[in-house]
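Be aware that the sequence shown starts at 206, since it is given in this note's numbering, and climbs by one per residue.
The set of hints was computed from the structure by calculation and includes no laboratory data. Some hints could be false.
To be verified - In the DSS-like style, the derived pairs of lysine-lysine whose C-alpha atoms are separated by at most 27 Å in a straight line are: (1) K237 x K258; (2) K421 x K444; (3) K374 x K410; (4) K348 x K334; (5) K258 x K374; (6) K414 x K444; (7) K416 x K444; (8) K410 x K421; (9) K374 x K237; (10) K444 x K410; (11) K237 x K410; (12) K348 x K374; (13) K258 x K414; (14) K374 x K334; (15) K410 x K258.
Unchecked claim - So the derived label-pair ranges between C-beta atoms look like this: (16) P273 x Q359: 35 to 43 Å; (17) F467 x P218: 52 to 60 Å; (18) P263 x E463: 49 to 57 Å; (19) R252 x L302: 33 to 41 Å.
Heads up, the beta-carbon is just placed ideally off N, CA and C, and yes, glycines get one too.
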Amino acid sequence: MSETSPPSDAAFPFHEEVELAGHIIDSLILPKVLDEIIALGGSFDLRDVRIGKERNDPSYTRVLVSAPTAELLEEILTEIGHHGAASVDPQDCQLELADIAGTFPERFYSTTNQDTEVRMEGDWIPVAKQEMDCGIRVNPETKTAECVPMSDVQVGDSIVVGRAGTRVKPTERDTTAGSRDAFSFMHSTVSSEKPKGVTVREIAKAMRKAKQGNGKILLVGGPAIVHTGSREHFSWLIKNGYVNVLFAGNALATHDIEQSFFDT
206 MSETSPPSDA AFPFHEEVEL AGHIIDSLIL PKVLDEIIAL GGSFDLRDVR
256 IGKERNDPSY TRVLVSAPTA ELLEEILTEI GHHGAASVDP QDCQLELADI
306 AGTFPERFYS TTNQDTEVRM EGDWIPVAKQ EMDCGIRVNP ETKTAECVPM
356 SDVQVGDSIV VGRAGTRVKP TERDTTAGSR DAFSFMHSTV SSEKPKGVTV
406 REIAKAMRKA KQGNGKILLV GGPAIVHTGS REHFSWLIKN GYVNVLFAGN
456 ALATHDIEQS FFDT
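Could you put the whole structure together from the sequences, leaning on the hints where they help?
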């Protein structure tokens, strides 16, 4: 982060340059990052953009992020870091020892549900047991790192603090799998923490393909369709041929009828 002698293309005095790499265009990662910067009150300038020519080719860009205050810049960099934006001048991760069992040090790095790496002695180390809303416990001797819930923190644990030396590898669009693989998540353990944006787009693509061809779509529904206010959207999918068969228990029917009668 820098305040002195800002580049001529920096809109605000506090600035830092970050980079993004991978399928950042077709996975909509770059637009998300740019939208996040503007929404939080910062500004950006694209310094270098290299777009992959073929479907499987990765893209790369460097973005100069600027903000009117150091605090806001730090907030922006933390948020876009969740989408894979990393400093072009990386440092090793910063560690603090936990001094109270069951608590994190102040400024601890809070994990996401995306694959994460931490930098130790110049090497990027994958974080094991990836889980959302945890801290990262590091063993400097073995150069290993893992997610740790607050309740499992022990006195003396080395915990990552701040965003320095961390980087996220966001979920990208599958460039090789066919439409069937869009539903491969159903064969894995169900978790509310799994990234949803890319999965939803892949499922929507598969549903359109099934409707245009000879495929049939079966949906297993529950009362959440009613609780989330999605009845009209779900009805639209049925009426327009995107859902051919519905499997559900009596909970969906009961809550649907209840809302129709009592507007609950």
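Discussion item. Check the hint pairing K414 with K444 against an upper bound of 27 Å on the C-alpha distance.
Written reply: The given pair, whose Cα atoms are some 17 Å apart, holds under the 27 Å limit.
Worksheet item: For the pair supplied as a hint, K410 and K421, is the alpha-carbon distance within the 27 Å limit?
Response: Cα-Cα ~14 Å, so holds.
Worksheet item: Holds or violated: K416 with K444, Cα cutoff 27 Å?
Response: With Cα atoms ~12 Å apart, K416 and K444 stay inside 27 Å; holds.
Discussion item. Need the status of pair K374, K237: alpha-carbon distance at most 27 Å?
Written reply: 14 Å, holds
Worksheet entry | Pairwise hint evaluation, K258 against K237, where the allowed Cα distance is 27 Å at most | Between K237 and K258 the Cα gap is close to 21 Å, so the pair holds against 27 Å.
Practice prompt. Please work out if K237 and K410 have their alpha carbons no farther apart than 27 Å.
Written response: Holds - the C-alpha atoms of K410 and K237 are around 20 Å apart, at most 27 Å.
Worksheet item: Falls inside 35 to 43 Å, the C-beta gap from P273 to Q359?
Response: Holds, at about 41 Å.
Worksheet item: Holds or violated: are the alpha carbons of K258 and K374 at most 27 Å from each other?
Response: 21 Å, holds
Discussion item. If I claimed the Cβ atoms of R252 and L302 lie 33 to 41 Å apart, would that claim hold in this structure?
Written reply: 38 Å, holds
Fill in: 27 Å limit on alpha-carbon distance, applied to hinted pair K444 and K410
18 Å, holds
Practice prompt. Starting from the hint 49 to 57 Å, judge whether the C-beta atoms of P263 and E463 obey it.
Written response: Holds, since P263 and E463 (Cβ atoms, about 50 Å apart) stay within the stated range.
Discussion item. Hinted pair, alpha-carbon criterion (27 Å max): K421, K444. Please report holds or violated.
Written reply: The given pair, whose Cα atoms are some 14 Å apart, holds under the 27 Å limit.
The structure is consistent with each of the numbered hints, conforming to all of them.
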